[in-house]
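Peer 1: Protein sequences, first through last, are from chains A and B. To convert a position in the first sequence, counted from 1, into our numbering, add 117. To convert a position in the second sequence, counted from 1, into our numbering, add 45.
No wet-lab data here; the hints were simulated from the structure. Hints should not be assumed to be uniformly reliable.
To be verified - Heads up, simulated BS3-like pairs for lysine-lysine below, C-alpha to C-alpha not over 30 angstroms straight-line:
#1 B:K60 / A:K583
#2 A:K213 / B:K179
#3 B:K179 / A:K344
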Amino acid sequence: MLREEWRLHRSLIGWAGSGLFPLFILVLSAGLALAARLFLTNLSTSTILLMLHVASVMYGLFVGALGHVGERVMTRRLGQINMLLQIPQIQPISFKRTLTLFFLKDAVFYVVYSFIPITLGVALVSSVIGVSLRGVGLLGVTMLLTFFMGMGLSFLVSASAARSRRLAGALTLTVLAMVSAVWPLGMLKLGHLLFPLGYWSSGNPLLLVASLLVASAFSVAGTLAVKERFDSVQHSQRSILLPTEGRFAFTKDMSTLMAKEWLELRRSGTMAQVTMGYVGVLLGVYFIIWLFEEGVGIPLPFNVVSYAGFVGFMGVITYSWLTVVEPNECLNAMPMTVDRVVWAKILIYLLITAGISAGYVTLIAALRGELGLLIPAIVVSEVTSIYTVAVTAYLTALWTNTMFFDVRVLIKFSAAVVPLLTMIEVASLWILGASPQATAAIGAAIALELALSVQFIRGINGRWGKASFTFTATET
Amino acid sequence: MAVIVATNVSKRFGKVEAIRDVSLSVDEGEFFGLFGPNGAGKTTLLRVLTGQLDPDSGEVVIAGVSHRDPIGIKRVVGIVPEAETPPSFLTAQETLELTCRIRGVRDIGERVERWMDFFNMEDSRDVLCGELSKGQRQKVMLACAFIHEPHLLLLDEPFINLDPIYQRKLREYLSALVGEGRTIFMCTHILEIAERLCTRIAVIDGGRIVEVGTIDQMKESDGENLEDIFMRLVGEVPGLTQ
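The following block holds chain B by itself, in its conformation from the complex (with noise of 0.2 angstroms):
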């Protein structure tokens, strides 16, 4: 059953066409990768996916839910946005009590522990976001998305300022996830987490969708690796070395 379903999805910006006549499907259960150079359109794609923008043309349907009821759409998903941006003036905690208040989580003391255990905030529960480093940002940012269990996420590099050993953490946590049925859709230029993540992909560029099918089926040869796919599709930079 498709979770999410896109269908000729176009978004302007002015005179700037950021994705264009984009359709695509994934199903529940898939962990599906979306890649694509600088300014090809994917934070784009993704913000539309997760309600945050209007379509300036098409549909989305995701988890049932169109694109039309944003609130809808957030309530059923996670969403990692692109920028850690917790509030500045709440502590790691509070930020965590207010999302699962938001959300309408019920266990709010157990669940809000789970996750400062996850991510090792102990020491920064009680500490101002604006003050924590990028990485602590980026936790709390995490533990948001994940805190009421959703079974659809929508991830922005994910990966972004956490240290090996959290991106480890994070990325066995994910894999757990889908083993569970659930479905992650994820942005990253980290190809080599997504290559062992991702069961299908999209490469994206100037706006439209290049490729789509799993990293198999866009091997040309058996050599490739998912940067090789990447680079094939999206052209390779003039003058850059092998």
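With the rest of the complex left out, here is chain A (with noise of 0.2 angstroms):
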């Protein structure tokens, strides 16, 4: 299955693009590393430290849903692409030995391709960062189990709901129950629940022990868990193609196309993930402001714009869950092209982002009393989600989740995206003191983010519009 993940990554995106990921990981978490110790000067280690096992376990709690995945979903995920997953159908082995050991070798693949790279990385900055070989690599241990154990908590939601909603709902309820003893009741510390972190406290090694025993635990309880065969039923939907066209009637010839897309949206339960997927984003980009704001050693005038710059950014997450509902290989045989596809998806994309994003932007405007700033934010976060999934589409099309593990895309879309975000970032800090400068510098990365939006859209068609809906790596 090793084997199979590696050819199957190569097959989309080259040699290069595959093997050079884990470098660009470790050059990456390297300079994140020193840009921390430059300037979060302001956190506490117990806070880096408890930011970091946050953010393992959500980690983990993201690519662990694996109990769901079915010989049907790998199928619509990878179109005419078969994998070892599928091989229950037809050979005497049994799918939850055949899901486990995908689970794992997905394990060993976020080892390898994150982790081992993420401490490297940070081991390579250590002497410049105040931080021994040792404590690195021991960063890397907790790091990792407390991954492992939201691996395996998802694996074990996930697998439970496959078979019972409720079952699935009682262990959510419980989880959420645990983390609301931790806050806001403060009954407890997180590190009562992720043991690794515990472990940095009390210095305890009987707790690294227990977490990878309570990791084991969640995916040996989401092995038994998993369903072994997936009824096959008949579904009836009514048919309402062509009255939802209807309704996009003001998007002219891509209303059909538009109908397409949200019908698929709906019915594949991709919206609800693509909506609560953005939400998250909206809290990331709230955590994020927050980082800076405690973190750095100065007081630094955050307010409504500099959160504005970050949602418009962050839409390229919400953009990607849209290219994984359908790999659209039917359209090859019609005359129809990847370019206007895609030009649907950003469309689809705007339309369920740019209400949430104005609605957020007004919540933070309220709450911080910057009502004034409330114009200028919006346009800030709508100019920057328009650019950033322009980028996103021209570099990655139909293919984002794929063609984002090819450093090469990435490279390109940092050096597309975080100049100007940086520019807005920057020059957002000086907007309060309503200083000319920074409303020109905030214009004139707007006024460039539309430029190139429009460039970037209409290359989608020069770059796109001759490719196969069937992707192989000879697209990038």
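If you follow the hints, you should be able to join the two separate chains into one complex; please do so.
Peer 2: Given below as structure tokens:
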């Protein structure tokens, strides 16, 4: 399965793109560690450890939800690509066993592609940031154990959900109750739930053993809960493509594609994930601003415009969700081009996110008493959102999740987005003082984003107009 | 008049040369069959002819449209791909409606009803394609290829997963189309069906066209059937008894 995973990545994004990804993570980690050392001087060690371990468990929760993955989901996600996961259909091997091996393969994959490069990256700059190599290694181990706890829990809940939504609901409520005991009730410390984090305050190595046992217990329970067969049930739906098309008449000759995308989004269950994912993104933005407000040694005048820049940037995550609904290979046999489907996805993205992001920015402005900055903030969030999705769509078309594992694509995306976002964020720090230079800088960044958005969106046709709906590495 | 003209077409995937210097032409009103062993290049050639793949070299002209205009080719032909992959989250009816819209068909309701009736899909019209059986999905893909009444059809294993009733129905429909002067280019392994339908055939092996002509022209003796011709041209499998 590991060989299969490597070959799949290599076939989708090429040897260089796939092989250099861990190196990219290593360099990025070293850079972030240095930046944190330079700028986040106001954060205590315990706060940094808390943030790193919360990030690790969230990462594990995000990637571990494999329990609902049946062979049909794999087929839907990958089109005509068949994986070993589907082999129980015709061979005398249980799906429980196959999915467990798939889960373990994924765990190894994330260790090799994420945790080892992260640890090595931080180790590379350990002498500069004032942390011993032993400390870095230990941090890598505790973060990894926390990741496994999250991944195991997510696997258990998702496997339970495939059997019984009530059981999954009960498990989720139990976890939320335990988290509530930490915050806001304050009855427990987070280290009482995330044992590796607790190790850093108590120094008790048994907590590390316990975390491994808990992660293993979650994983074993998840394995036992895995459904062996996914029933083939035919659900009757009303055929409503043409009436739905009427609702998108304002998009003119895109209305049919818009209707198709909308129905697929709703019926696949991805709509809920896209919406909740975007809400999660907005919480993430709130957290990033808090990090800078609390962590930097000098007080920085963050304001709603600072939030707005990040809100727009994070839209890339939402767009990537939209691209995993349906492989669209049947469109290879029709007079339809990849770029038109990409435009439909961009329009759907804007329809979903524009209102939510404007509402979020309005809420932040109201909470912070900065309603005077509401209009510029909304402009910044919407234009940055359009720009980010234009860059993403231009670089990755319908294969965002796959192509972001290609380090060449990541570098191009970073080069296109980070400088302008940085310009907006830095300029926003002076806007409370009504600085004309800050206003001009933000105005220039917005104007440039708009102009470049037009270029990127126009460029989608040239870049992807002749591409097949069946993605291969030759597309990059 | 030739509606399919391929001249010295080659296509490579990495180190593998899937098709090499393939030249063939198909005239209007022909039922043309392409046969070959597994991995011979049939599907690759079909995908090049239908504009789904760009050839590395050579020229392709389909109904007067160059391979450099793949959308133009797809507008004028009907394609049944190798695998049945209709959209998972659209119903059978919606998939046909989508096809009609993309192809600019005006009388959508009438056409959709006609093909729902032809393939007896009344019970599954409102079922998501992802939940249909393979045979039902194949019917949806066939209906999508026929619904705009193209003059040229390119079909890759059209009979696959169909029960005998619909194999016969499809056979009769395709014969009727050719009788009206339309053209069909078909890849199939079901030689018994092909022998009944094809007016001219080509055999491909190792990416090259081995032989082209009518079945009668290819026979070395009166008793030979298409299977015998196939075995003779692409080589018998060692150890396989008669």
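Peer 1: All hints are to be evaluated individually against the structure, with a verdict given for each.
Peer 2: Do the hints match the structure? See the list:
1. At most 30 angstroms may separate the alpha-carbon atoms for a hinted pair to count; K60 (chain B) and K583 (chain A) meet this at roughly 23 angstroms.
2. Taken as a hint, the K213 (chain A) and K179 (chain B) pair is honoured in the structure, with Cα atoms around 25 angstroms apart against an allowance of 30 angstroms.
3. For the proposed pair K179 (chain B) and K344 (chain A), the alpha carbon gap of about 23 angstroms is at most 30 angstroms, so the pair holds.
Violated hints: none; the structure is consistent with every hint.
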